[in-house]
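Engineer: Residue numbers (this note's numbering), protein chains in the order written: chain A, 1 to 328; chain B, 1001 to 1286; chain C, 2001 to 2408.
Just so you know, the hints here were simulated from the structure itself, not pulled from any lab data.
One or more hints might be untrue.
[As the list claims (entries may be wrong)] Computed list of lysine-lysine pairs in BS3-like fashion (alpha-carbon distance at most 30 Å, straight line):
id, chain 1, residue 1, chain 2, residue 2
1, C, Lys2348, A, Lys158
2, A, Lys158, B, Lys1279
3, B, Lys1178, A, Lys185
[What the hints assert, rightly or not] Have a look at the derived ranges for each label pair, beta carbon to beta carbon:
id, chain 1, residue 1, chain 2, residue 2, range
4, B, Ala1002, A, Phe101, 37 to 45 Å
5, C, Thr2377, B, Ala1077, 37 to 45 Å
6, C, Thr2407, B, Tyr1124, 21 to 29 Å
7, B, Tyr1124, C, Glu2390, 23 to 31 Å
8, B, Leu1111, C, Gly2075, 34 to 42 Å
9, C, Glu2390, B, Leu1131, 33 to 41 Å
10, B, Gln1130, C, Thr2407, 17 to 25 Å
11, B, Leu1111, A, Phe322, 53 to 61 Å
12, A, Ile79, C, Tyr2315, 50 to 58 Å
13, C, Lys2078, A, Ala17, 47 to 55 Å
14, B, Leu1255, A, Pro150, 32 to 40 Å
Here a beta-carbon is modelled for each residue, glycine too, at the ideal position from N, C-alpha and C.
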Amino acid sequence: MNRSTLLRGLGLAVLLAVAVATPFLLDPRGYAIRVVCLALLFAAMAQCWNIVAGLANQVSLGHAAFFGIGAYTSTLLLIHFGLSPWLGMLVGAVLGGIAAFLISLPTMRLKGHYFALATLAFGEVMRVIANSWSGLTGGPVGISVPFAPPSFAMMQFKETRPYYWLMLAALVVVTLVFVAIRRSKLGYRLRAIKENADAAEVIGVDTTRTKITAAVISGMLTACLGTLYAQFQFFFDPDTVFGVASISVRMAMIAIVGGIGTAAGPILGAFFVIPLEEFANDLFSSRAAGLSQLVFGVLLIGVILIEPRGFMALGSRIRRLFGKGGRP
Amino acid sequence: MAVLQAILDGLMIGGVYAVISIGLTLVFGVMGIVNFAQAEFLMLGMFVAYYAWAWLGLDPLLAAPLAFGVVFLLGAAIQRVLIRRVLKAPEVAQIFLTVGMLIVLENAALLMFGSGFKSVSTPYQTSSLQLGPLFISVPYLAAFAMSVASGLALFLFMRASWFGRAMRATAQDPMAAKLMGIDSDRMHMLAFALGVGLTAFGGAVILPYLTVSPTVGAQFVVLMFTVVVLGGLGSVAGAVVGGLAVGIIQSLSALAFPIQLQNLVLFLVFIAVLALRPKGLLGGAR
Amino acid sequence: MKPSDRAPRSLNRRQVLVAGAAGAIAAPYLIRDAVAQGKAVNVGVIMPLSGANAQFGINSRNGVELVADEINAAGGIKALGGARINLVVADSTSNPTTAANVAQRLLTQNDVVAIIGAFASSLTIAISEVTERRGVPLFTMSFSDQITSRGFENIFQVVAKASVLGKAQFDGTVAIAATAGQKLEKVAIMYEDTAYGTSQAGGLRAGAKAAGVEVVMDDAYPLGITDVTPLINKLRSSGAQAVFPVSYLNDSLQIIRSMRQQKVTIPAIGGAAGYVIPDFEKGLGEYAEGVLSISPANYDLDPALTDRFRKRYGYFMVHEALEHAVCMDVLAQAMEKAKSTAPEALRKVLHGTRFEGGWTKAMTGGAVQFDKTGLNTLSVPVMVQWRNKELVTVWPSEYAKGKAVWTN
């Protein structure tokens, strides 16, 4: 027991060291590092989603709302007040948390598909607002992050490496939060709700408060990642950061493909889905329009048919197959 | 008068919303699957009707049964090959299987039919009936009439035929239905095929006033969800109420708010209804 | 002589570097490029080939392909020793993040000397954030004002900006109505709430304000609208004498048909996009006849050139195809003049040259010249009118191929 914990810790440390060192192997202004950055970012996003969906089985399809709030808040504060995106990120996190609280009020009683669809509608509400309130957001034409001399304080860098470490740090932080929640009383309560909400209520779990707490944490972290995205991409519009397909569904898809409810699932999922999308685009998009997306869709269906609970479940299935037992 | 006109327009458009959404609610009712790809079958129905018009000179309203038939068969095959295998899988796997189907269908259509927006031209497309100061658009009226007809046909089928009754039995109590000798697998296939077929039928009847392209589904997907959730997922009568409600809300909100905010109003109503009646307007009545 | 030798060699070296780094992802490219090596200049073409704008993306790709093939057939880039143009086409989808990724990929793995794309403004802007940081020229016909207003040095916009287009849509209409003896006093504006719709509507508003014309209706509507009846109800009771719809095809057909249904007979003057493609006429048939629209360019300004497109692809050369063809031609001319594919050399030539001849003849102004911001200062929008399944330029008079017909 002690030895296996030690080994696991050592393994994680090595993995992290490799992750930190990876950019030195990549062309600092190249394509590969950019794809890896996005994979890290989306892994972190899927991990945020995992907090509510994985632990409490509240499948949200509206997380783009928080992501977009984060992206717009820090960028608007930067444009109008020259505020450092680091501070903007904090303000965005607060607003993202408030938004998560507000949407939790009407939706916390909802279950399953109803919850998914209500959150989907909430994401769309935010997109329509961002699109229509041009005075604040610039409307459908989108906004650009103003150019600043590269510096850590302004979260702008000339090369891609610092972004990589930023994204990696974000992923580590979000994953630690996820693991901490899972191990805490909050995690215990969330699991109780997941198993049976009514029974949880009976044994004295304040389900309302538990759900809202998890939703607010998830919303705040997602908003922070929105800021990172804005600083990395430099330009975005409402359809991009509040998009159903581009953000909400993709976050969920990554976590599901990897293994919902597990800490490693979103990371595996992101490092499968994001490079796969790029690879499919790379190979097929010049041959016939739509082929790359088609291939991507077919692969997604294939993964779900082979193992509906994602790669993590597939992994333990294989381990069992080879008689190594694996954890139950 | 503007209000009356808005209600009239909303009613007609709502009838269409009802028919295209019935399929979604039917599939959920019988097998508990929310099909995110449902709107893609609307797109396929529109394409069938378009090519029936372009190659055979058939009016889309007459081609609607053809669209129903073609997509019915496709739906049966999809149920057999894909959906059947995730019926017992976790909810999220079901959702994302249909998301995968959405991506595949949209892009397969792009490969097969090209990216252009296609439109039929029919003689009644630009005509309207005038009732005093009120205008009734003929293509809207035709689509509405066809929707009512197909809705009634479905109603009769569900009530009067053995298949319909068996399907309802499967939806209400799968175990009991099985004990009665109903093959639930076949019922699922029938329900799914019927569901996507009806949506395709709806696609064909709206073609005279819309255009079809591989991405047309995206314009309807959230709308269809709103309709079925307002009415209560799984309830066919609910889809009719939801469809009419959505049509009228959309139409009336355009009088008071900028049209840009049309969907905003709709979604807020949607969230509010869910908050107050988590199972939809007619939820629990099924 | 020397520069042409240098380009391929540096290309190889960099590619080896990338190959070592990117490993598996890069592998398929090395094989493909090795074949195309020899004497070739890679040019990136990034377009929305799938998704809602796919049709326009494909039209645009066709335009670029036509010109590239013509140049290759005529012996390639002569100043580079007859180097062939090798187009590297990629799908941006409708997602700016993907567009930027694709741009990065083409730059680092295919060593493209320039990028042409990507029709939709949001995609173009996302790409420009990548190309600007690598100092590689980006050619576009996206007309958002934002494109050349950010002080970027490596972006080249070959058409007039959206605000100019919107104002011309208004001014041209007033002029045409005045010729026919009608003075416009009340107009209506309706536009889809996209980057294109909102920025062009801004131009329309500015035009109306300058002319002292009252805007009695000014409504945005969501992209992908499925029921325009409320809009037309509003239009009917607004008392407008003309309406300016700024929309893609789906909404433009709905708008014109609904107007017919409700017996709203005032002229509708389209805002390019959905109003100036063959499908508009196919969808509306006789009702398309006489519809006016603004357009950033039109194929009838030089039929000798644009008929080649019609011959190859079977439809008239839509404006986005034409403008992207011009992008390709200007790039080729710049390489000839710079005798190099180095970004700095290209940029210098692009900023300091008046490009004439070739496809630039098909543009208004008959040439292309970029100012400091990268905007082509010679391009002015034209008014076109549907006549017998073709688009005829009717305004301004110096470009008109026919007389405008105004029905009120």
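Engineer: Between Leu1111/B and Gly2075/C, does the C-beta distance stay in 34 to 42 Å?
Structural biologist: For Leu1111/B and Gly2075/C the Cβ distance comes to about 35 Å; the hint holds.
Engineer: Does 50 to 58 Å hold as the CB distance between Ile79/A and Tyr2315/C, or does it fail?
Structural biologist: 43 Å, violated
Engineer: I want to verify a distance hint. Is the separation of the beta carbons of Thr2407/C and Tyr1124/B within 21 to 29 Å?
Structural biologist: Since Thr2407/C and Tyr1124/B have Cβ atoms about 23 Å apart, the given range 21 to 29 Å holds.
Engineer: Per the hint of 17 to 25 Å, is the separation of the Cβ atoms of Gln1130/B and Thr2407/C within bounds?
Structural biologist: The hint (17 to 25 Å, Cβ to Cβ) holds, given that Gln1130/B and Thr2407/C are roughly 22 Å apart.
Engineer: Indicate whether the distance between the beta carbons of Ala1002/B and Phe101/A respects the range 37 to 45 Å.
Structural biologist: Because 39 Å falls inside the window, the suggested range holds.
Engineer: At the C-beta level, are Leu1255/B and Pro150/A separated by a distance inside 32 to 40 Å?
Structural biologist: 52 Å, violated
Engineer: Take a quick look at whether Lys2348/C and Lys158/A sit within 30 Å of each other, Cα to Cα.
Structural biologist: Holds, because 23 Å separates the two Cα atoms, which is no more than 30 Å.
Engineer: With the threshold set at 30 Å, check whether the alpha-carbon distance from Lys158/A to Lys1279/B stays at or below it.
Structural biologist: Cα-Cα ~52 Å, so violated.
Engineer: Could you check the hint for me, namely that Thr2377/C and Ala1077/B are 37 to 45 Å apart, CB to CB?
Structural biologist: Violated, at about 58 Å.
Engineer: Within 23 to 31 Å: is that where the Cβ-Cβ distance between Tyr1124/B and Glu2390/C falls?
Structural biologist: 27 Å, holds
Engineer: Is Lys1178/B within 30 Å of Lys185/A, Cα to Cα?
Structural biologist: Roughly 43 Å separates the two Cα atoms, so the pair is violated.
Engineer: Kindly confirm whether 47 to 55 Å is satisfied by the beta carbon distance between Lys2078/C and Ala17/A.
Structural biologist: 54 Å, holds
When each numbered hint is compared with the structure, violations occur for hints 2, 3, 5, 11, 12, 14.
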